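Asker: Take a look at the letters that make up each chain.
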Amino acid sequence: MASCTATVPNLNTSGDSLYGPRICWQAFIDWAWDAFDFDKDDWDQGFGYYSVCDNTRPLSRTLSGIWCLTYSSPHFPRESYNSNILEWGCRFARNAIDELDARCGGGGSIAYTQWGPFTNDLTELYIPYWYGQGVSLRAGTLVHEARHADGKGHNAGNNDSSWAYNGAWRWQVCWLAWFAFEGQHTTTAMKTQARQRANNIINNNFTTHPGFNV
Amino acid sequence: MTDSLELVHPDPVVLKTPTHWLIDQAFAALNGEGERAAVAYKHTAELLKTRKDAAETLLRVAQSSPAEDIGRRWCAYYIVGDIGDKAAAEPLYRAAASALPEHGKDGKCGETRGCEGPRDGEVLVRTMAVEALQRVAERHEEARGYVLELITAQPDRAILIEAVKAARALGLSEEAAKRLNKDDRWMLDIKMVPVQEVMAEPERADDSVLGHMPPGRGVKQDVPAAECCCTPNREG
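The listed protein sequences correspond, in order, to chains A and B. Using numbering that gives the first Met the number 0, you'd call the opening residue of the first sequence number 0 and step up by one each time. Using numbering that gives the first Met the number 0, you'd call the opening residue of the second sequence number 0 and step up by one each time.
The set of hints was computed from the structure by calculation and includes no laboratory data. Because the structure is a prediction, the values reported are computed rather than measured. Where is the CB? At the ideal position from N, CA and C, for every residue including glycine. Do not rely on the hints blindly, as some may be mistaken.
[What the hints assert, rightly or not] Label-pair distances were calculated between CB atoms; the ranges are:
#1 B:R93 <-> A:T207: 27 to 37 Å
#2 A:P76 <-> B:E196: 20 to 30 Å
#3 B:K41 <-> A:E181: 36 to 46 Å
#4 A:Q183 <-> B:V7: 28 to 38 Å
#5 B:K177 <-> A:A155: 25 to 35 Å
#6 B:A224 <-> A:N154: 36 to 46 Å
[As the list claims (entries may be wrong)] Here are a few chain B residues that sit away from chain A, every Cβ distance over 12 Å (derived from the structure):
#7 P17
#8 T18
#9 E32
#10 E45
#11 K51
#12 E55
#13 R59
#14 G83
#15 L147
#16 Q153
#17 E174
#18 L179
#19 A204
Work out the full structure, taking the sequences as your base and the hints as a guide.
Answerer: Below, the structure is given as structure tokens:
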């Protein structure tokens, strides 16, 4: 067990002033808690279990990411795999992620997923996930980790070898790009950050550059 | 037994001058939803343009904010770009060219430890600084040299590509090519594609598992309650 401290950044510019009140809805909390398999023991001790609507706490900030992942498509509640990832991203993530845990972390990582036979499949979120990125980027990270939970690791160190590999980086890029293009109920800042982050990933995380930006 | 977390709430920012107050309004509008927020942002940015100390104050906000407050730093650069003060070009260049923190020590991601880290937030802030520099250079020809200087500075690849894109948008492709290493000239050929060409292959069909039903179904016994308000409170 580790103890950690975190400084709460500006709530407007992280998107938590906008999304925080949205998750303060018991029906949504009931659903998300079950769909992403949260457990009380992983989210108490200051992580927000006892104050789920406190948008300075990790649980609220995680639920904001899930809210963004769930409701940003203009076609909600349709979740067809025949459409783009903004539409089906939440469907995929809630089915792929086995459990979602809060941890202090270390070494600066944002999130971590382990999977495989004889492994306790899980996804852990760390301090920089909640306090180092805005709401739309948190949603994108969930898509990335869900792709790992689905059994697809990276095949070139921390990178994917190519766009054709169809790995976690491509999925994250696609979700961010579609969010920037047609995301609903959001802000100029969230959309612009999503587009820029998508391009940063395209430009840094493929061994063979895909040759385009969005 | 799980980890425990203690939060530090910084002191509220003191809005010392009318410019600080306007910047605070711009932050709120830029991060608000809908047409009203968009109009409010536009008006606030117009008012900021009339204040001589606006760009300088915003740059100070960006530089004095805690490193981990990525959103605040990013928004400050965004607004600097909209104000378009030519005096901001050199500080934006320096921000974009500044060294990135080292990669995390966790090693390989996915199977072992995380793929993303705080360095990615720093890349995002510098990306915004490049876009802001481009917007300043669109208004002031004398600022264009800083875009080319950034290419010469050979920053991290993601930042270099943003600088190359900015140069191209400003009609400076030839000058950019001269400054790029031979191995990097492919960056000038990066296409801007419509989002319809950016698709993930889901590798599953619609008859695959739908999963838990949407919100509104069932009442769980072991979930946190939504009864408290959104003001911060302590949890130990």
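Asker: Find the hints from earlier in the document that the structure breaks and name them by number, from lowest to highest.
Answerer: 3, 9 and 19
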